[in-house]
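K.L.:
Chains G and P, in that order, give the protein sequences. Residue numbers 1 to 274, in the working numbering, belong to the letters of the first sequence in order. Residue numbers 1 to 264, in the working numbering, belong to the letters of the second sequence in order.
Read the hints as simulated data drawn from the structure, not as lab findings. Idealized CB from N, CA, C, for every residue including glycine. Some hints could be false.
As the list claims (entries may be wrong) - Pulled a few chain G residues facing chain P out of the computed Cβ check, cut under 10 Å: (1) F113; (2) N115; (3) R132; (4) G176; (5) L274.
Claimed, not checked - Reference listing, derived: stretches of chain P covered by chain G, where coverage requires no fewer than 3 residues with Cβ under 8 Å from a Cβ of chain G: (6) 94-103; (7) 125-134.
These are the residues of each chain, in order.
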Amino acid sequence: MILTEPVPPPDPGPPASPAASPAPGVAEAAVDLHAVSLAFGPKQVFRDLDLRLEAGRVHALIGPPAVGKSTTLKLIAGLMRPDAGEVHVLGQRIDDLSERALGAVRERMGMLFQNNALFDVSVGENVAFPLRRIDAGLTEATIRARVSERLAKVALAGFEERQPAELSGGQKKRVGLARATVADAALVLYDEPTAGLDPVTSQKIYDLVRGEQRATESTAVVVSSDVAGVLTIADHVAMFYEGRVVFTGSPDEARASRVPVVHQFVHGTLEGPL
Amino acid sequence: MATAFPSPGSLAALRFQLRELVKLTRRTLEMAVAPRRGGRAARRAFAEQMHLVGNRSMPFMIVTMAFIGAIISFQTALQSQEILPDLSQVGATFTKLLVRDLAASVGALPLATRVGAGIAAELGSMVVTEQVDALRMNNADPVETLVLPRFVACVVMGTVVLVVGGFVAFGAGVLVGQVAFGIEARTFASTALLNGGDVALGLAKCATYGGAIALVSSERGLSAFGGSEGVGRATTEAVVGSCFTIIVLNVLLSTGGHFLLPAL
Chain G
1 MILTEPVPPP DPGPPASPAA SPAPGVAEAA VDLHAVSLAF GPKQVFRDLD
51 LRLEAGRVHA LIGPPAVGKS TTLKLIAGLM RPDAGEVHVL GQRIDDLSER
101 ALGAVRERMG MLFQNNALFD VSVGENVAFP LRRIDAGLTE ATIRARVSER
151 LAKVALAGFE ERQPAELSGG QKKRVGLARA TVADAALVLY DEPTAGLDPV
201 TSQKIYDLVR GEQRATESTA VVVSSDVAGV LTIADHVAMF YEGRVVFTGS
251 PDEARASRVP VVHQFVHGTL EGPL
Chain P
1 MATAFPSPGS LAALRFQLRE LVKLTRRTLE MAVAPRRGGR AARRAFAEQM
51 HLVGNRSMPF MIVTMAFIGA IISFQTALQS QEILPDLSQV GATFTKLLVR
101 DLAASVGALP LATRVGAGIA AELGSMVVTE QVDALRMNNA DPVETLVLPR
151 FVACVVMGTV VLVVGGFVAF GAGVLVGQVA FGIEARTFAS TALLNGGDVA
201 LGLAKCATYG GAIALVSSER GLSAFGGSEG VGRATTEAVV GSCFTIIVLN
251 VLLSTGGHFL LPAL
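This is chain G alone, in the form it adopts within the complex:
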């Protein structure tokens, strides 16, 4: 879709800069994308994208479909590499790391995938998977205890032996969430955590995301098309449009924004450039 008027510059937000030691008074960045460009064949997804996400907060990435929100998560996770620019995650530049070196960074990250991405093993084994892969020397008893505790937290106590195929959509999301957070990750990425869920289940998922972030003081980055829902838990919002970030600020600032594309998207009105 083409804008009927030029997209104005982003609302005032933190200045984008390469990740380095933050200046006094500036919060440390969990994620810093600097001048990132990415194209899939002829389709330019990002051109000189800058995005800084502070540590210890819940960040909502919003925007119309196919503007690169999920792609941003994959760049942060190191599952994709930019054509140009720098990606800094948890204080380390990752866009030039080998897959093996990325492992050390990923041990401090968790991710809930849009399709849940549960393996064809029991729920317990799915949740235990990250614990078995990190070199923490955990005993089997410890792993089982951690899995049970995490499943109880997402209201799935006793589901260890169930198979993913036996679960409802909301239960699968909660298993995915338990797996993403079981290793107490410093940065958790959520790709459309409420896609296809009813409003009540969606709000329960959002509450779990918020509760987990508060309990561990981690950083959560949530991509969601459910703007109203995700704004209830976000500390910070970034809106993507036409390959760049057109807004950053608080949820209240997003709701009050006069930028036409932001106003229309956040309020879901029919009139506007979208």
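Fit chain P to the given chain G structure using the hints.
P.N.:
Structure of chain P alone, referenced to chain G:
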């Protein structure tokens, strides 16, 4: 620089696929020699794949190879009868052909359709449902976790299945020779035309074809994109690619075998 993927079917796409296949083969062979992680889950993955490739393929391969053995025996005897009215060499020739080439080369084609399609469909589904990304996020190398068990299972159990299939084809050939042409069974069991090189070449072909099926199919599965349509495309390409690779490898191995392990 844009992340460009060549359009399917183009020469650039073929070059890209070949490059990816070579990379995957190198990495898998490196890991086969020195696997980095073991444990219960890895052992279970190997056992599961052995079961899938071996036990689950066996009934299909037994029936298929019985028909193939019967057809080869019948046609060999028929042609011999028409050219030289002498069937005394049919048994030994049939056995030699089977051991040196046909049990492996012909048997590998139905094996590729069954096992190759299964591998590509399973891995392709894992890619489009983001399970492969989930593995990577959890420091599990997809090559080590997914490809290596399938490769080892195809090399080991593929060989077993093809050898068993060869025996079944032999039995069917003997039966057809006896019933249709009155050829004595003991002439098939004659080892006069066989040597150790024939057996070695036959076994080498079995193992090589098994490995090729796993690698070609895994590469296609891991390259799947675009949902169920992409999985379907990857599955088709895996079967076609595996069969084509088997035929090309047969030319290479037969040529090499002709010089290194000459027939009597």
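K.L.:
Each hint needs a verdict: does it hold in this structure or not?
P.N.:
Against the structure, the hints:
A distance limit of 10 Å between C-beta atoms decides the matter here; for F113 (chain G) the minimum to chain P is near 4 Å, and the interface restraint holds. A distance limit of 10 Å between C-beta atoms decides the matter here; for N115 (chain G) the minimum to chain P is near 5 Å, and the interface restraint holds. Checking R132 (chain G) against chain P: minimum C-beta separation of about 7 Å stays under 10 Å; hint holds. The interface hint given for G176 (chain G) holds, since its Cβ lies 9 Å from the closest Cβ of chain P, which is under the 10 Å cut-off.
At a threshold of 10 Å, the smallest CB-CB gap from L274 (chain G) to chain P is about 26 Å, leaving the interface hint violated. Interface restraint, the stretch 94-103 of chain P with chain G: violated (0 residues with C-beta to C-beta distance below 8 Å; minimum three). With 5 residues having a beta carbon nearer than 8 Å to a beta carbon of chain G, the stretch 125-134 of chain P meets the requirement of three or more and the stated coverage holds.
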